[in-house]
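Based on the provided sequences and hints, a complete structural model is requested.
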Amino acid sequence: MVPLDFFAFPLNVLLTALALAGVVWSWRKHRNSAFVRFMLSPKATFLAIFLLLAFALFIGLTGMRELVRSWLFLIVMTYFMTVLTYVILRGYGRWRFMLLHAGLLLTLIAGYVGAPDRSEVTLKVFEDNEIYERDDIRLVDFQLDTYENGSPSEYRALMDIDGREVTLKVNHPYSRRLGEDIYLIGYDVSAGAESRYCVIQIVKDPWKYGVVSGIVMMLLGALLLFINGPRRAQTVNDN
Amino acid sequence: MITDMFTWDIFIWFGISAVVLSATGAAVSKWRIPSIVLTMSAIVVMATFIIGLWAGLDRPPLRTMGETRLWYSFFALVAGLFTYVRWKFRWILPFSTVLATVFIVINILKPEIHDQTLVPALQSPWFIPHVIVYMFSYSFLGAAFLVAVAGLWKPEKDMMPVADTLVYIGTAFLTFGMLSGSLWAKDAWGQFWNWDPKETWALVTWLCYLAYIHLRLIGKTSRRLLCLLLIFSFCCLQMCWWGVNYLPAAQDSVHVY
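Line order of the protein sequences matches chains A and B.
Residue 350 is where the first sequence starts when you use the numbering used here, and the numbers rise one by one after that.
Residue 2 is where the second sequence starts when you use the numbering used here, and the numbers rise one by one after that.
The hints are simulated quantities; they were obtained by calculation from the structure and are not laboratory data.
Source: prediction; values computed, not measured.
Ideal placement from N, C-alpha and C gives every residue a C-beta, glycine not left out.
Among these hints, one or two may not hold up.
[What the hints assert, rightly or not] Derived contacts from chain B toward chain A, CB cut-off under 7 Å, selection only:
| # | residue |
| --- | --- |
| 1 | 121 |
| 2 | 170 |
| 3 | 208 |
[Said to hold, decoys possible] Straight-line distance between alpha carbons at most 20 Å, and here's what the computed DMTMM-like set of lysine to aspartate or glutamate pairs gives:
| # | chain 1 | residue 1 | chain 2 | residue 2 |
| --- | --- | --- | --- | --- |
| 4 | A | 553 | B | 188 |
| 5 | A | 518 | B | 188 |
| 6 | A | 473 | A | 537 |
[Said to hold, decoys possible] Label pairs and their calculated CB-CB ranges:
| # | chain 1 | residue 1 | chain 2 | residue 2 | range |
| --- | --- | --- | --- | --- | --- |
| 7 | B | 226 | A | 499 | 49 to 57 Å |
| 8 | A | 403 | B | 162 | 28 to 36 Å |
| 9 | B | 99 | A | 439 | 42 to 50 Å |
| 10 | A | 527 | B | 129 | 25 to 33 Å |
Written out as structure tokens, the structure reads:
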């Protein structure tokens, strides 16, 4: 398994910067080398898609999702992102192509390379702070609405976070500071509305802005895919 | 209230009317205008039931498998009509009718009526666009699947340009669905991507269609292989849609409803 802590900031940023610089350098200086020509060949693209597909298919069939932390997956992802970078350098300037490919690269870098910098802490926060001693996060009140059949329709935790009154709900995290969000994820189900604690998760993910930007780019690219459809399908050979 | 009428109990009448209208539209496909009007009427009948059910349930009918099948049969008719109007393919109408009929019949026999509750995680502005976009995509990729089967059947005719357009539309909406899902997941669970079985199969499906698009851009792959790839991709799509519910490896999925 890949040691996540080892690859945390600054090593992940350093290695990615080096790799990107290497790709740009080889693209500029050694465009006709066998390596660069391979990376830009259709074969390299299909191999990249095929490897990722095979990996996802294997995880889908076996449920072994821990494999995404393996060295093998690191190699597959590195290869995929490298091919993608070369292709982006060559295809630079075409809108739809750039939004889709650069958006994907940005999403992968922020999501995968940034993964070691992501942390989550799960906390049980009690009313009146009786068990968990912490003064920055306190539970003021817990409320639960149910449907007629008794299943929960909505639950809210009124909290005091850093001296500010905050209402936490599922699907409505509280943005505490840049790259840090607090999620309400549970309560004492056996006690229902009488629950004296709630379960929260503090997620630190400084790379999330990169992921969202990449996703927005891909969404715009997909919109162009829908509007413009397959153009010049047979004649374009450099895609 | 009128909307209280719209329950699964009366779906049989809407379902049968839609099937009859669509089948008649397919039968008269030689005459363009009557065929379009009849298929449109079938679409309107389905839309009326969906809107009525929505109002009657007090929540969008997007949660149970029965409800997603309802949308699928609706969009299958839309995709069929689109293909007929745009390329004048008469054969697509009987096929899209059959596709819609299969799902309508399943819903008449086994609507899987659940209670009206929506768990808190599903109460999000992402919920409606996420599911509708996926159902729309699935129906266009279903049409592409039919084109691929037809392509294997009659290899002398080049259907690939038609398949391309359907795949581009389907893949664009597949992308909307997957990415909206990942933005929603960040809001709900704090993580964009968690390799949940449904997510993993959504990625498999997406990559299959990406492979198809890229193979077509190079333009050197045989039609037979391309058709087989589209058929394989559609099988992965079915796996993602409902197959994962039966997969032993996927029993802890957060997407099993």
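*residue 473 (chain A) paired with residue 537 (chain A) [C-alpha distance capped at 20 Å]*: Measuring from Cα to Cα gives roughly 10 Å; hence the hint holds.
*For the pair residue 403 (chain A) and residue 162 (chain B), does the Cβ-Cβ distance stay inside 28 to 36 Å?*
Hint holds: Cβ distance 29 Å, inside 28 to 36 Å.
*Close enough to count: is the Cβ of residue 208 (chain B) nearer than 7 Å to one in chain A?*
holds (4 Å)
_residue 99 (chain B) versus residue 439 (chain A) beta-carbon gap, inside 42 to 50 Å or not_ = holds (44 Å)
*Taking the CB of residue 527 (chain A) and the CB of residue 129 (chain B), does the distance hold inside 25 to 33 Å?*
Once the Cβ atoms are compared, 30 Å apart, the range 25 to 33 Å for residue 129 (chain B) and residue 527 (chain A) holds.
*Would you settle whether the hint for residue 121 (chain B) is holds or violated, based on the nearest Cβ-Cβ distance to chain A being less than 7 Å?*
holds (4 Å)
*Regarding the pair residue 518 (chain A) and residue 188 (chain B), is the alpha-carbon distance no greater than 20 Å?*
holds (10 Å)
*Does residue 170 (chain B) pass the interface hint, meaning its C-beta sits closer than 7 Å to a C-beta of chain A?*
Holds: closest Cβ of chain A sits about 6 Å from residue 170 (chain B), inside 7 Å.
_20 Å Cα cutoff - pair residue 553 (chain A), residue 188 (chain B)_ = OK: residue 553 (chain A) and residue 188 (chain B) at ~13 Å, within 20 Å.
*Starting from the hint 49 to 57 Å, judge whether the C-beta atoms of residue 226 (chain B) and residue 499 (chain A) obey it.*
holds (55 Å)
Going through the hint list in order, the structure satisfies each hint without exception.
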